[in-house]
Structure formats: C-alpha cells, structure tokens
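Starting from the given sequences, assemble the full structure and let the hints guide the process.
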Amino acid sequence: MPQRGSPALRRRRLGLELRRLREGLDLTGDEVSGRLRWSTAKVSRIETARTLAKEADVEALIELYEVEEPLRGILVALRHDAAQKGWWERYRSSVPEEYITLIGTEAEATMARNWEPQIVPGLLQTEDYVLGVHHASQDASRLPPSWIQDRVEIRMTRQRTLLHVPDPLVHVSVLHESVLKNQYGDARVMRDQLVHLIEVSELEHVEMRILPQDVPPPVSTGAFLHLEFADFPDVVYEESLRGGQFVEDAEIVYTYERAFGHLMECALDEAASQELIKKTIEYWNR
Numbered sequence: 001m002p003q004r005g006s007p008a009l010r011r012r013r014l015g016l017e018l019r020r021l022r023e024g025l026d027l028t029g030d031e032v033s034g035r036l037r038w039s040t041a042k043v044s045r046i047e048t049a050r051t052l053a054k055e056a057d058v059e060a061l062i063e064l065y066e067v068e069e070p071l072r073g074i075l076v077a078l079r080h081d082a083a084q085k086g087w088w089e090r091y092r093s094s095v096p097e098e099y100i101t102l103i104g105t106e107a108e109a110t111m112a113r114n115w116e117p118q119i120v121p122g123l124l125q126t127e128d129y130v131l132g133v134h135h136a137s138q139d140a141s142r143l144p145p146s147w148i149q150d151r152v153e154i155r156m157t158r159q160r161t162l163l164h165v166p167d168p169l170v171h172v173s174v175l176h177e178s179v180l181k182n183q184y185g186d187a188r189v190m191r192d193q194l195v196h197l198i199e200v201s202e203l204e205h206v207e208m209r210i211l212p213q214d215v216p217p218p219v220s221t222g223a224f225l226h227l228e229f230a231d232f233p234d235v236v237y238e239e240s241l242r243g244g245q246f247v248e249d250a251e252i253v254y255t256y257e258r259a260f261g262h263l264m265e266c267a268l269d270e271a272a273s274q275e276l277i278k279k280t281i282e283y284w285n286r
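Numbering of the sequence shown is given in the working numbering, commencing with residue 1 and proceeding in unit increments.
Just to be clear, a hint being listed does not mean it is correct.
To be verified - Simulated crosslink set (EDC-like; lysine to aspartate or glutamate; CA at most 20 Å straight-line):
| # | residue 1 | residue 2 |
| --- | --- | --- |
| 1 | Lys42 | Asp30 |
| 2 | Lys54 | Asp81 |
| 3 | Lys42 | Glu17 |
| 4 | Lys279 | Glu202 |
| 5 | Lys42 | Glu63 |
| 6 | Lys279 | Asp269 |
| 7 | Lys278 | Glu202 |
| 8 | Lys181 | Glu282 |
| 9 | Lys181 | Glu270 |
| 10 | Lys85 | Glu97 |
| 11 | Lys42 | Glu55 |
| 12 | Lys181 | Asp214 |
| 13 | Lys181 | Glu199 |
| 14 | Lys85 | Asp150 |
| 15 | Lys279 | Asp192 |
| 16 | Lys42 | Asp26 |
| 17 | Lys54 | Glu66 |
Derived by calculation from the structure, the hints in this document are not laboratory data.
Quick caveat, the model's predicted, so the values are computed rather than measured.
Structure below.
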C-alpha cells in the first residue's frame, strides 16, 4: 500500500525554510543571486517551490546562510524526500494538474473539513458511485475509458492511504441533505453508497453531519475542502465548474474555517445524521 506523505509539501517546506533563513540574514533575492551567480528568478522559484532545487543548489544556500547542524541535515533530508515520486504521479497524464496538486497536498494533511452541497465527498465514495459521477459529467463523452478508470483508482487509493492507515486523516464533513438523493448510477448504487456512509462514519477519525433540506444553506459558497497540517499553514481547495483552485491567504482561509464552523452548528448532530441517512436508504429501496 502506498504510504502517506507528500513530496510536493516537502518541496514547499524546503522553500519556506530557505526563505526564512534568507530573510533572517536580511538578504534580498537579488543579493543571494548575485553572490551565487544565479538569476533572481531561480531563487524565487526555489523558495516558492515552483522548481525543485538541485542538491548542489541546496548545499550552496546552506553554505551561504552558514547553516549548522541539526538544521543542515534537516534541509538535506527535505530535499531528498522532495525528489521522491508520490504514487499519484503515474496518473499525471490522465487527470488535471490541479487534482494532482490536491492529492499531493492532501497526503500530508492531519485534518480535512469538507463541505459538499451536491455529491458525496470523494474520500467517502464507493467505486460504483465514482463511476456514476464521472459518467454523469459533461466531460464523460470526451474522456477515454482508461482515464475514467484512472480516476476511480485514484479515488480508491486516496481512501486507503488516508482513512485506513495507522495514522489516518481526521475527516469532518457536512453534506447537504440533497446529496443523499442526487442520483449517480442506479438505485442499487445509491443504496450501497448510503450504506457505505453509515459504515465509514463509525470510524473514530471520521465525523459526518447532514444539513437538512428545510434549513437554508448558511453559506453561499460551493464545495470546498479545508486542509490542516501539523507544521504548515492551512489551505483551502475550492471546486467550481472551471476546476479546482487553492486558497492560501491566511485571512481568506480563516473565513472558510468560520464558514465551516457555522455549517456544523446548523447541521444535525452525528446520531441524527445517521438516522437521516438510514431513512434515505429506504427511499432507494422503493
């Protein structure tokens, strides 16, 4: 089974740490590039993780910044880990770039808060439901069957590596009640999906709540995923018709955190949410 951990996040940690060291010495990017005979753009790309620094580049920066142990060893190890390939990299040719970035970012999160007004959260979907969602999308007819299968494999692997491991992701979700009746696949697919929601909600690290149909949605935003990390700033992943995008500005991320808290307050508690899901299973038994 693939392990948790993200080269992408380690690359960003490396860049942030190198920037912190530079700023701690009151050096500008121009000054660093001048001393190392690099372009200013190269320093920026390394610090913002747009490119992975070569081992020699990290060593040069370590020497310039006069970094001592144990931080020197930590930076070298970060660069080594950042050069590894995540399991999701083999799917890069068949899924959007922003989705690859999401998987890599999600892999090191400690907590995910997910608001879903339309479909079951990806980490809680069954394989048949995933297929139903993709076949219902406007892009389905344009996608090769192998690409759709890749999306199913990715979704299942994300679940195994995040929710069913010794150190799992804490997943808290609020679903609008309409999610339970929005049909993807046939009645059996929907019934099995809701049964799966009951089962997965019983995991200690999974909390699921339903926002009832008769409660006006307290936020106007679409689906979003708020990711929290042990030693990295929170980020939010927004979903829209044009695809997904990350929000990293701390103030904006905080507004999403508050919005999710408000959703939790308006939603049913866990026990009542499970009862509503069970009742809706009967709807799909008709």
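Going through the hints against the structure:
1. Lys42 - Asp30: Holds, at about 10 Å.
2. Lys54 - Asp81: 12 Å, holds
3. Lys42 - Glu17: 16 Å, holds
4. Lys279 - Glu202: Cα-Cα ~17 Å, so holds.
5. Lys42 - Glu63: 17 Å, holds
6. Lys279 - Asp269: Judged against 20 Å, a Cα distance of about 15 Å means the pair holds.
7. Lys278 - Glu202: 13 Å, holds
8. Lys181 - Glu282: Status holds; Cα separation ~11 Å.
9. Lys181 - Glu270: Roughly 19 Å separates the two Cα atoms, so the pair holds.
10. Lys85 - Glu97: 15 Å, holds
11. Lys42 - Glu55: Measuring from Cα to Cα gives roughly 14 Å; hence the hint holds.
12. Lys181 - Asp214: Given pair Lys181, Asp214 holds - Cα atoms ~14 Å apart, limit 20 Å.
13. Lys181 - Glu199: With a Cα-Cα distance of about 18 Å, the restraint between Lys181 and Glu199 holds, given a limit of 20 Å.
14. Lys85 - Asp150: 17 Å, holds
15. Lys279 - Asp192: It holds: about 14 Å lies between the C-alpha atoms, which stays within 20 Å.
16. Lys42 - Asp26: 18 Å, holds
17. Lys54 - Glu66: Distance of about 18 Å is within 20 Å: holds.
The structure shown violates none of the earlier numbered hints.
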